[in-house]
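Novice: So the protein lines, in turn, are chains A and B.
Residue numbers for the first sequence, in this note's numbering: 1 to 296.
Residue numbers for the second sequence, in this note's numbering: 1001 to 1270.
If you're looking for bench data, these hints aren't it; they were derived computationally from the structure.
All the given hints hold, so there is nothing to weed out.
Non-contacting residues of chain A with respect to chain B, defined by C-beta distances greater than 12 Å in every case (computed): (1) ASP39; (2) ASP70; (3) ALA78; (4) GLU186.
To give an idea of the chain A side of the interface with chain B (calculated C-beta under 10 Å), a few residues: (5) TYR100; (6) PHE121; (7) TRP132; (8) MET133; (9) THR134; (10) VAL178.
Just so you have them, the derived chain A footprint on chain B, three or more residues with Cβ under 8 Å: (11) 1025–1037; (12) 1204–1213; (13) 1246–1259.
Beta carbons: idealized from backbone N, C-alpha and C, even for Gly.
These are the residues of each chain, in order.
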Amino acid sequence: MIGHRARAVVIGIPLVWLALFFLAPFAVVLWISLSQAVDAQPPYVPALELGRAGISFRGTLDSYRLLLDDDLYVAAYANSVRIALTSTAICLLIGYPMAYAIVRTGPAWRGPLLMLVVLPFWTSFLVRVYAWMTLLRPTGTINQALLALGLVAEPLPLSANEFAVHLGIVYSYLPFMVLPLYATLERLDRELLEAAADLGCRPWRAFLSVTLPLSLPGVIAGALLVFIPAVGEFVIPDLLGGSDTPMIGRVLWAEFFSNRDWPAASALAVVTLFVLAGPIALFQHLAARPGGRGRP
Amino acid sequence: MNDRRPRRLLAWLGLGYAFLYAPILVLILFSFNESRLVTVWAGFSTRWYAELARNERIIDAALLSLSVAVVSASLATVLGGLAGLALGRCGRFPLRIAFAALLIAPLVMPEVITGLSQLLLFVTLEGAFGWPSERGFATIVIAHATFSLAYVALVVEARLAGLDPALEEAAADLGARPLWAFAGVTLPLIAPALVAGWLLAFTLSLDDLVIASFVTGPGATTLPMVVFSSIRLGLSPQINALAALFVLMALLVVGAAGWLIGRQRRIAAV
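Sequences and hints are given; from them, build the entire structure.
Specialist: Set out below in structure tokens:
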């Protein structure tokens, strides 16, 4: 229905754009991660040089060696994956009953209730993290209230720790968990559940043996939508976290902006991509299927 | 089924909404606080809004952010509209799976990685071709259009999936040339999706801190960058006031986008 030349334009333009501005940059990152850091502008020596003697390769694995040798980086990866995993699990525990409840309210209510879940996502991310800063600080609203009520004698340590980072991630990414869960649960055949009930299945059994397995694609999509960006999260650990739990996004940011070590920042990005390659490929596989969709 | 479980479920849902909205409401409440302290109530006042209106650093940054958002959302709408058409109307084509995967990847890619890699691309391009000679407005626009075009493409594809191809086929059968059939039939039908996609891209661009921080250059400071450096130093009631305005704008934009998408569903249902 679309002519050949028009097809070439319709497919070609976005494809070339994405190849140039999304795919090519990763090749550049890989390239620069192999170069040497120097105190210059730009702060690295190209890994390949065209000189009078021909092409000379000056690449080095120094940046990767640095990552392996320094415990800080290894700890940062371990922390990021661990915190992203636990936050994803908490999102699932909070989000699944929410999505299920929205589906159960019936068709008329579903749209507005879902909208209420999505709405916070469209208010500024930074604003939502700031909101938690004002709540969690030692002088914050929650501690003020607890002190005024006499429930605690001194402020609770609610911020600048892992608890606050988990809270921030769960809060910010909860809509991404609820949306795909809702999408799969809504499509589930109600008659299947009724059949299970008619056959004498108790509601919990029906849920565990029918609903839950059938909603697994939504669970996986939601978990990936939370887990992948959470691993590389920068703003939340920077504003809500303490200095004792380095996370990879924050380390990369510091390596780039404070230390101006572009090769080390690039090596960190390459290793992060390597860690996330499996989850990203799985997400692409799920979302690129016809009918499968990650985000709204 | 018994009645108790749904009620417990609804209670959980209510708690979920309280969790999502309470922090935002507290934030807005304290934007009207008389005191400089963001966390202790001292009486109603709109003085922080007045101070915000006089803060030139914030206003300059807001103007830059708005112009970046308008241009990048427009670019994303063209590119994402084409990508949506490619997915929705081109059937199977050789690189379809690679195309869809490439389109979807920016949605989950950690921002520090996207930002760093795009900056390094710009630096490399500058070294090789002399372009972009300076980083700032143009590079932020390109970076923002790249991650938000996927949202536009998904909204447009969903719209196309809900359309009857017979409408476009009828135009072709009646002898309309392909471009005319597109301009006269397809384009008006997907227009609400394009507007909704534009609004989403606009909001995403206004919101971005991390990617813009990487790809910007000296002199181009967007609003999120000013807010971030300010809250890193400490809490400020002016930021509360700004946050309240952000929330108001998000309500308006999402309301408009939701209304457009809802309306097109109703039209499609008729």
